[in-house]
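Colleague: Listed here are the chains, written in short residue letters.
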Amino acid sequence: MRRGCTILLSLGMMSIILLCSCTHSRKFTETYYSENEATLRSIRSNYERMFDEHPFSLELKDPFLDRIGLEIITDSIKYIYAFRLNEPFLMDTLRRYHFNTKAFGDLIIDMQRAHCTWITNLDYYEHYERKELMFISVRHQSLKAFLKPEKYFTLAFFGDEQPVDEKKRLLDRDGKQQLRKINDKVYRSINPLVFYALTENYR
Amino acid sequence: MRNALLILLIMLLPPLAGSAMDNESLDASAVRMKTPSIDSSVVVSHQQDALRYLDSLGTVERSRFWPSVDPAQFLANLRTFALTPLRFYEGKGTNFCAYSAITYIPLNYDPLGFSRFMVSLYEDGRAKMGKVWFTPGKAIREEAGLIKYKGALDISPAGQMWFLCLADRFKGYLNIFNRHFQKGDENTLWASTNFAKFNRMVRRLFLFEVHARGSDLIRPWVHDLYGYLEQRSKEGPIFLYLNNRLLYKKKHVVTRLGIPTHYVLLLDIYKTSDGRVNIVYWDYGKKTLQQVPPRLLRKIIFGISHFTPIAKKS
Numbered sequence: 005m006r007r008g009c010t011i012l013l014s015l016g017m018m019s020i021i022l023l024c025s026c027t028h029s030r031k032f033t034e035t036y037y038s039e040n041e042a043t044l045r046s047i048r049s050n051y052e053r054m055f056d057e058h059p060f061s062l063e064l065k066d067p068f069l070d071r072i073g074l075e076i077i078t079d080s081i082k083y084i085y086a087f088r089l090n091e092p093f094l095m096d097t098l099r100r101y102h103f104n105t106k107a108f109g110d111l112i113i114d115m116q117r118a119h120c121t122w123i124t125n126l127d128y129y130e131h132y133e134r135k136e137l138m139f140i141s142v143r144h145q146s147l148k149a150f151l152k153p154e155k156y157f158t159l160a161f162f163g164d165e166q167p168v169d170e171k172k173r174l175l176d177r178d179g180k181q182q183l184r185k186i187n188d189k190v191y192r193s194i195n196p197l198v199f200y201a202l203t204e205n206y207r
Numbered sequence: 003m004r005n006a007l008l009i010l011l012i013m014l015l016p017p018l019a020g021s022a023m024d025n026e027s028l029d030a031s032a033v034r035m036k037t038p039s040i041d042s043s044v045v046v047s048h049q050q051d052a053l054r055y056l057d058s059l060g061t062v063e064r065s066r067f068w069p070s071v072d073p074a075q076f077l078a079n080l081r082t083f084a085l086t087p088l089r090f091y092e093g094k095g096t097n098f099c100a101y102s103a104i105t106y107i108p109l110n111y112d113p114l115g116f117s118r119f120m121v122s123l124y125e126d127g128r129a130k131m132g133k134v135w136f137t138p139g140k141a142i143r144e145e146a147g148l149i150k151y152k153g154a155l156d157i158s159p160a161g162q163m164w165f166l167c168l169a170d171r172f173k174g175y176l177n178i179f180n181r182h183f184q185k186g187d188e189n190t191l192w193a194s195t196n197f198a199k200f201n202r203m204v205r206r207l208f209l210f211e212v213h214a215r216g217s218d219l220i221r222p223w224v225h226d227l228y229g230y231l232e233q234r235s236k237e238g239p240i241f242l243y244l245n246n247r248l249l250y251k252k253k254h255v256v257t258r259l260g261i262p263t264h265y266v267l268l269l270d271i272y273k274t275s276d277g278r279v280n281i282v283y284w285d286y287g288k289k290t291l292q293q294v295p296p297r298l299l300r301k302i303i304f305g306i307s308h309f310t311p312i313a314k315k316s
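From first to last, the protein sequence lines stand for chains A and B.
Counting with this note's numbering, you get residues 5 to 207 for the letters of the first sequence.
Counting with this note's numbering, you get residues 3 to 316 for the letters of the second sequence.
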């Protein structure tokens, strides 16, 4: 009898933990975009403008902005840098590649404000035509759960409206109701241009 | 937000003369993109030979063996492979990195031979490279051209044919539990490659000498790893089997299982003035230059395959 009670109590506690962790991430996915929409718009316009001049990806390696990662993409080679913000190397590198340093600083501040850890442009193909989407990964305390691996809230920003099914899942344009996956994940619609997924990797 | 002011202050700071000593060596002008010294007698054909051959074909008829591979797209792919071999792309999230790495050899030493092989494979459904006959089954032939959402691999049905054939033909112990292809297996253990299988593929496909050090679980015992890699890179291409989770992190976890997961082609390696190591490697259709501490370099490398471009003694 006593053993049965212990098992029941353990199962009850596990259920509560699981329920709490699920509720956390579900609530986060529902509210994050609306709460951070203005900042995300600013990030998008700023990044797209800078990317057109110099293709790059940016990583905020920690929430305190001690370290950042910068990937500068040229036609022939990709340079992967890691910087500490209290070192002068970042500024020297940005100047060498003729980046707009103020816009770069604004982008970092916006990313930190919206808890973004990674921003890049991803290519995808529709009927043999190359297109790009902006990809942002969000790392947030609300997505961490006890005894579960950390999750990232990833956002895909498309340039034009995308088809979705009745469950608001991103579809391919081939007309066969095939789900379009990004990094092997199914994405769901926030609006016709913005889609999200919870993922195990931030890039 | 506590660092917002700090960033703005840093952005407004004047540049410090000579302060870029650490990352300066990553500058484009400082990259020494050298070509390994290659014995010219082993270069079987040249880019122009492959292009002339493809031009001479004009068009090919749609193959009954490869129903989803468009002939025009197939020939366009082969031209791209011959023209820009370093753009050869394994696809996002696939386990094709080993197959992509070894493709550097035919595309650089015998692009004509590779084009002929691919055309033969397309037209006849079977073809021979080195000592190996490729006779892919129906599942493979029907899948080529249908792999999607993998970036530029989506528009490379010829690349898909090649990768699927290699993964289908060569098996190692990692493939024991998934030996038969099913849709989506490009991401699974079906396509994965252990170190012994990788070296076996290179030896049997290309009749050149391969010297390998290392294993799947234990790092190679090389006293001066940097010196070894630098010396060998002068003699020919080097393939590295490495722990990509440490080289290119995708999660913020601290503890990681120390196993290799990725193959790259090492193109160049040199030290900076402060003792760090710059490595130039090729994967995902691009060269990458990354600066790593020597300690990390030792930690991530599990296998070194040194491909000597000298025809194997028969």
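Calculated from the structure, these hints are not laboratory results.
Backbone N, C-alpha and C fix where the C-beta goes; we use that ideal spot for every residue, glycine too.
Among these hints, one or two may not hold up.
With a Cα cut of at most 20 Å, we get these calculated PhoX-like pairs of lysine-lysine [unchecked claim]:
| no. | chain 1 | residue 1 | chain 2 | residue 2 |
| --- | --- | --- | --- | --- |
| 1 | B | Lys301 | A | Lys189 |
| 2 | A | Lys135 | B | Lys94 |
| 3 | B | Lys301 | B | Lys252 |
Cβ-Cβ distance ranges computed for the label pairs, FRET-style [stated by the list, open to error]:
| no. | chain 1 | residue 1 | chain 2 | residue 2 | range |
| --- | --- | --- | --- | --- | --- |
| 4 | A | Ser38 | B | His48 | 52 to 60 Å |
| 5 | A | Leu197 | B | Arg89 | 24 to 32 Å |
| 6 | B | Lys288 | A | Asp164 | 47 to 55 Å |
| 7 | A | Ser38 | B | His254 | 42 to 50 Å |
Colleague: Does each hint fit the structure? Answer for all of them.
Modeller: Results for each hint:
1. Lys301(B) / Lys189(A): Status violated; Cα separation ~31 Å.
2. Lys135(A) / Lys94(B): With a Cα-Cα distance of about 15 Å, the restraint between Lys135(A) and Lys94(B) holds, given a limit of 20 Å.
3. Lys301(B) / Lys252(B): It holds: about 17 Å lies between the C-alpha atoms, which stays within 20 Å.
4. Ser38(A) / His48(B): 52 to 60 Å: holds (59 Å)
5. Leu197(A) / Arg89(B): 24 to 32 Å: For Leu197(A) and Arg89(B) the Cβ distance comes to about 30 Å; the hint holds.
6. Lys288(B) / Asp164(A): 47 to 55 Å: This hint is violated: roughly 27 Å between Cβ atoms.
7. Ser38(A) / His254(B): 42 to 50 Å: violated (26 Å)
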